[in-house]
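Participant: Chain residues, written in single-letter form:
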Amino acid sequence: MDMTQTNLATRGHETAPATRQAPERTMTPAVDIAETSDGITLQADMPGVSKDNLSIEVHGNLLTVQGTVSLGESARLGDVYAEVGVARYKRSFELSRDLDADRIEARIAHGVLTLHIPKHEQAKPRRIAVKAS
Amino acid sequence: VTVEGNLLTIAGKRASDRSGNEEAHFHARERFAGAFRRIVTLPDGVDAAKVDASYANGVLRILLPKLEQVRPRRIEVKELEYKG
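Chains A and B are the protein sequences, given in the same order.
The first sequence runs 64 to 196 under our numbering.
The second sequence runs 3 to 86 under our numbering.
Chain A extracted, bound-state conformation (with noise of 0.2 Å):
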């Protein structure tokens, strides 16, 4: 198995749209990308998402997760020194054919997104038992 027969490349680094009216840092989250016999498991930092700050989405045969970082009541505060500050997390991902988009499951638990993309049944490997005659 290889990059290209799974097709699954990123596009990373999409620019917000110009219309956008506060100046928030767009991130893109590092992730890991593992492939099995049964499908896809991603796996994305997005430290400061909660779940209903998440968005999952496929279009075609990209897919795309956004998240919004809350940090609650430390926004208010005024930042001596910031590094994190309040941003969204964006990456987009071009799925394979072999990929089945309508079965994802997407969980996230302490800022980690993780992503299962199963791949259709016709695609997995099968053993074929040979039978002698």
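Think of the hints as simulated: they come from the structure by calculation, not from any bench.
Watch out, some of these pointers could steer you wrong.
Computed footprint of chain A on chain B; a stretch qualifies when at least three of its residues, placed anywhere within it, have a C-beta under 8 Å from a C-beta of chain A [stated by the list, open to error]:
(1) 29–36
(2) 58–70
According to the in silico footprint, chain B covers these stretches of chain A (three or more CB under 8 Å from chain B) [as the list claims (entries may be wrong)]:
(3) 97–105
(4) 151–163
Glycine included, C-beta positions come from ideal geometry on N, C-alpha and C.
Given chain A, put chain B in place with the hints provided.
Facilitator: Relative to chain A, chain B alone:
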């Protein structure tokens, strides 16, 4: 999370959850795994006894209150009746 003198130290580690599945083939491995440590020098006037740390959604929040004696105080101005 420890405070020692004027040094705040945050240390931890994140276990790699890539293990176990031998047949997994990785297309990307960008996420950090392992131990980390960060030391921040605190300004004077932090009340080390009242430092509070909380962790939510993967974000650690540490509140370091100022010592009572360094907080600004409002001084009431009394009005005195002028007695000529």
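Participant: All the hints need checking, so say for each whether the structure fits it.
Facilitator: Structure-based check of all given hints:
no., hint, result
1, 29–36, "holds (count 6)"
2, 58–70, "holds (count 5)"
3, 97–105, "holds (count 6)"
4, 151–163, "violated (count 0)"
Taken one by one, the earlier hints fail for this structure only at number 4.
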